[in-house]
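A.B. asks: Spelled out, the chains give:
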Amino acid sequence: MKLFAAAVMVLTLCSARAQGPAAEMGTMNPDSMPGADNGAGPESPDNRDSMNHGGGAGRLPMQGGTAPPDARDPHAWSDGYDFGTIPRPRFADEHNFAALLVDQLEYVRTNDDQSAAYDLQAWFGRDYDRAVFKAEGDYDSNKLQDARTELLWGHAVAVFWDTQLGIRHDSGEGRNRNWLAFGVQGLAPYWFEVEATGYLRGGNRAALRLDASYELLLTQKLILQPRIEANAYSKRDASRGLGDGLSDLVPGLRLRYEFRREIAPYIGVEWSRKFSDTKDFARAAGEDTSETRFVAGLRFLF
Amino acid sequence: MKTKRISPPLTTLPDPSRRRFVQGLAAGGAALGLSPLLGTARAQQAPGTITGMVPVLSGTEFDLTIAETAVNFTGKPRMATTVNGSIPSPILRWREGDTITLRVTNRMSVSTSIHWHGIILPTGMDGVPGVSFEGIAPGETFVYRFKVEQSGTYWYHSHSGFQEQTGMYGAIIIDPARGNRIRADRDYVVQLSDWTDEDPLRVLAKLKKMSDYYNFNQLTAGDFFRDVADSGLGNALGKRRMWNRMRMNPTDLADISAYTYTFLMNGTPPAGNWTALFKPGERVRLRFISSGTQSFFDVRIPGLKMTVVHVDGVDVEPVTVDEFRFGPGETCDVIVEPTDDRAWTIFAQAMDRTGYTRGTLAPRPGMEADVPAPDEPEWLTMADMMGNMGQGEMGGMQNMQGMGSMDHSSGGMVHSAHTMQGGMAMGAAAPVRVRHARTEYGPSVDMRVDTPRTNLDDPGVGLRNNGRRVLTYADLHTIGGPLDERGAEREIELHLTGNMERYTWSLDGLEFGKSSPVHFRHNERLRVILLNDTMMTHPMHLHGMWSEQETPEGEFLARRHTISVQPAQRISFLVTADALGRWAWHCHLLYHMDAGMFREVVVA
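Order-wise, the sequence lines are chains A and B.
In this text, residue positions in the first sequence follow numbering that gives the first Met the number 0: the first is 0, and each later residue adds one.
In this text, residue positions in the second sequence follow numbering that gives the first Met the number 0: the first is 0, and each later residue adds one.
Hint data in this document are derived by calculation from the structure and do not stem from the laboratory.
All values reported here derive from a predicted model rather than from experimental measurement.
Please note that the accuracy of each hint is not assured.
[To be verified] Calculated cross-link-like contacts (lysine to aspartate or glutamate; reagent style EDC-like; alpha-carbon spacing at most 20 Å):
1) A:Lys142 with A:Asp287
2) A:Lys220 with B:Asp222
3) A:Lys142 with A:Asp112
4) B:Lys208 with A:Glu214
5) A:Lys220 with B:Asp211
For reference, chain B alone in the conformation it holds in the complex:
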């Protein structure tokens, strides 16, 4: 009975053009399934929920059943929300051009939904309760049917309550109608997520009571005296002055830390060591999907270069990096070519450095490589608070000793040396006009940025000048250019806002309950400007339409479904409003969304 459930912690996604590897992988998987290591990982798991290796469902007809099933990731049995009894949910394999039917049955006592993240489809099929449909009531079967108009790596998840946090997320792989540009010998989904044994509603309630409840990396008296010893009293005070006066915390890197989170790779905790097999010399495609509800992951494979080839379901000009950061909602496919007959650690540390998940890329089952320690957490910098420092003040940089994380980065000058070659020099971008909403002057907004930074070649706090080549948004170039050559006919500006102390999150200072929908005129080409008036990074996900990100100068960069906006940063993208109906638009940090960082978009 139990052995039946023992499937390899390995997702095999043979490229259809390379059918020979199907068998090779199946054999490899079977071997893995018997490995003692797996046995250990599985022994911890409660009966009822498949984790690690999930089924791949393909074709045009799908039956998905949502239920509560038992899991045990930490030693404590808990109930999870699952699709067909697995975490992650089954991998859905579609083909571009097919019309697919998905019958989703709710076997729970509460309403549910599935949103197909990044998929272009009619509004009624988008799966957002209260926006695109009424949700799937207990006992009900909802039939999704739509034509698949795209190809690539995507994912799906519940859009109801906190069901995404409790396990309801899975990968979607869409094979292109005409040949795959990306050739790989092996193909794996690597879906990263965060798990808590706590009831997510309690987690939110705790944050509402005490927004730094989960932050155990706060500044202490010890840190102060260390700074005094290192740099003198004046500098130690100076370094803290602005933060203290503004009542902002430079170590506020994540709302929810590993204090409660266990980070998972394909539903497997670090100790479970999810493993992907390869033969030395093979090209391996790893389809990374960021499905954490509240966690940014910094991903690397120490010793191996990763070539990023596909982001948010769209092929990009290959760029080779050591590391990339992605936030909830984003996907990033890389090609790795391990030539040595050894194991490599796939390492994904949380942005706040309190924890990580890992797996192994190995020629044989049961192997492991060194697992690095998480990096030291850094302070947010003045650039994260104030954005661009304005022109003509480069001379001031030498005085930055007073500010946070001077030792690790150039403070406000966020360009790391290796990304300077990206071409966007400090201060090169013209100053931008910032227009705050009148609702940003009240208790819902704890800071406003008047001089946002617009450069996209900053990998973000904790990754600046870390000695590794880190992917930035300036590196992303969608192959084939934009879908719509038209320039922007109209601009709208929206500010990402919040009050960390109160744990309120909003757009333009208005939580969803106080907001009105945003109107996109049907078929217009629209420029959307997002300005982050907070000190956290927000992955902004627009449903139903692509977000075509551009440089500050207005040159097309990449077609995205989710764009992370860093603190004090201003980004812009173009949208072709060709999808009639009502759509969700929100921060994909689930607790921010649920706090009200959400808008409805009406295309009419």
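With the rest of the complex left out, here is chain A:
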């Protein structure tokens, strides 16, 4: 339970972080802005920063935030007029789109084993509301070892952030588990892709998953992707070999070459570490508790 509280706190922090950058730039009242009153700009640390670097570029454009009470009504110019009798046009904002990103589809080699792994995300829907499908798992000896599959409703809440609400299904070795899922996904300042999801299931069990990655362009097509994933659980689950607390931490680096945006072969390396009881479960099963994985695979975007 302690861990659940911790998980909730981390999630809160994450969402605060999600709001944070927006808030730090956005909560200033436009009327206090120099455009409105020609006064000195707000002296937030951000603004001082930008002055140092921007040389006179004293005011950041605003992002996100909340509207001041006197913000303009976007419907005010209509004077109550509505669309006419001809059915109005329907543009892309009222159409559905879809995407599938198979970020990892790879062959994994450790010093004593070979396996295969996948990690993908797909969505279907509109600009601000969409169905999101996430799946991650690995195969060893032609058997699904550990798979996480999620179906979520993604809803845009801030400039760069969506909330996600749905279900998660764990399968593979051990007993299958189903969770309720709630999280955020988006782009943090400095272009970090972040996913933070909390999970709940019966018996007051909670889990937390964090995933962060970055795209470092060595050239326009050669891209290095550092990524880190962490999982934590509030209670032991012997059937799935999970202890409570932080169960695993996997930082990795993948170097891909985008022949096209749609297809990019890559090579990479991951360092996987298991912790506490999860580590003991692994040791008891005769598995490595920490290992270096060399990977080679293909990344797809459809």
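Here the structure of chain A is known, so what remains is to put chain B in place on it, guided by the hints.
C.D. replies: Relative to chain A, chain B alone:
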């Protein structure tokens, strides 16, 4: 059979007052038609669609048939949407004062439409499906009939789906009822456009998945280390800091690049070398029409001065420049007077510098001049993000090394030396009050500008201090002043908004589907303020009524049908709301419009 289709890649538009040149041009055209160069260009073209030289239709009765026909611009056969089987569509030549009838027949399996861009006409004739009429259903013939109340260079295009992207655009030339102020010995339409072999819907779907899909000019680790070597770690970090923190890309100059686009001049790719003939010493009028769906073009003729005489169908006080930029929807007529017996390249590079189209101005067919390389792309500057830097901060300019494109421009101080003489000094404009809509604080808007720049003497990113005299909006002065001497009785403010990461585009943070119409009161004189809260330039096109652009001080500048608003810029124009009915108002970047950057205007 094939030779029949071989027509010269040359549009001859003899000035009626100079009929002698009609024959001269016809002869020249015939000669060109036989040139081997043309043969090559044509050989690539699939049978079915005329490109390069399109028919000129004139009179008061027109029959236009819209169909899908085959084209091949890149080596891959594709289907295009054409009017009477040509790209561009036929040039329509009207006469001011005539009542014209255009019977438009749809021979496709999907609905279509033709919008007469910039033409003042009754709302039912404007050709916007869902606003002015229901569209032209498959198999149906729609009859447009209206009186031509104006003269000049205009154009027409489909307003349905992405048919404009797939080839449906053509020129309209309206001869004035009383004598042409602009005298020229030769007269050519130069219509610029962008072509993709991809299905435009797929292009949009790609942008929705990955908004920088087509941008291969992104910042790399190599660029970073180069900057470190050039200016030190602190400056290299500083230069990127704001962009990275805001998750904005300073190289986001165009959503769609030459990765998929082939840029065309009169329906001819650069290799086809569309050619216009002249005799040394002649005055040549080039009627440039910006018909790219998603591309701004920077146009110049290296070695030749161009005198801009007519913009958006309206005569302007002549201004001589080396180069001008125009966005989708805008038109710009120039006079050139080549005196030497040599060829000149008409060069039009895309704003993101990934590609260009070109043609040749030559005394004889088959000639070519040097084709310049596109300029190096520049970063957007802090001025493009933040607008006016406010007063009393000029001293800070010396510290601009940290910011983008310092080497090429003065950063936020966007006035290039040669335009400073335009009279509007930095910071001269009074600070303006900015009122964002409450819907600009959500996920649909990725930035808001609180200190917009209002000066109009900035040619825009990539053209600042390039050593050439570049046209700016401050240079444009419509001859004869405004149509309506009244001052503004009312003001409305609309913000151009979007979220680049999500690839959503809107006005006041609302895509069209969430919007309500904008009401103009019948016969009022209205000031419209447009503020660009994005880092892209948006050509805003108001249908049915003129947009009379003014200086920040409220002095009349030019009568326009399409006004490009630069990043973080605030512009204003006056409208006389004399056109009863419903009208479209939108960004003329087609993919922005289709994403929802569109409003309906009700004049009532």
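A.B. asks: Go through the numbered hints given earlier and state which of them the structure violates, listing their numbers in rising order.
C.D. replies: Violated hints: none at all, because every hint is consistent with the structure.
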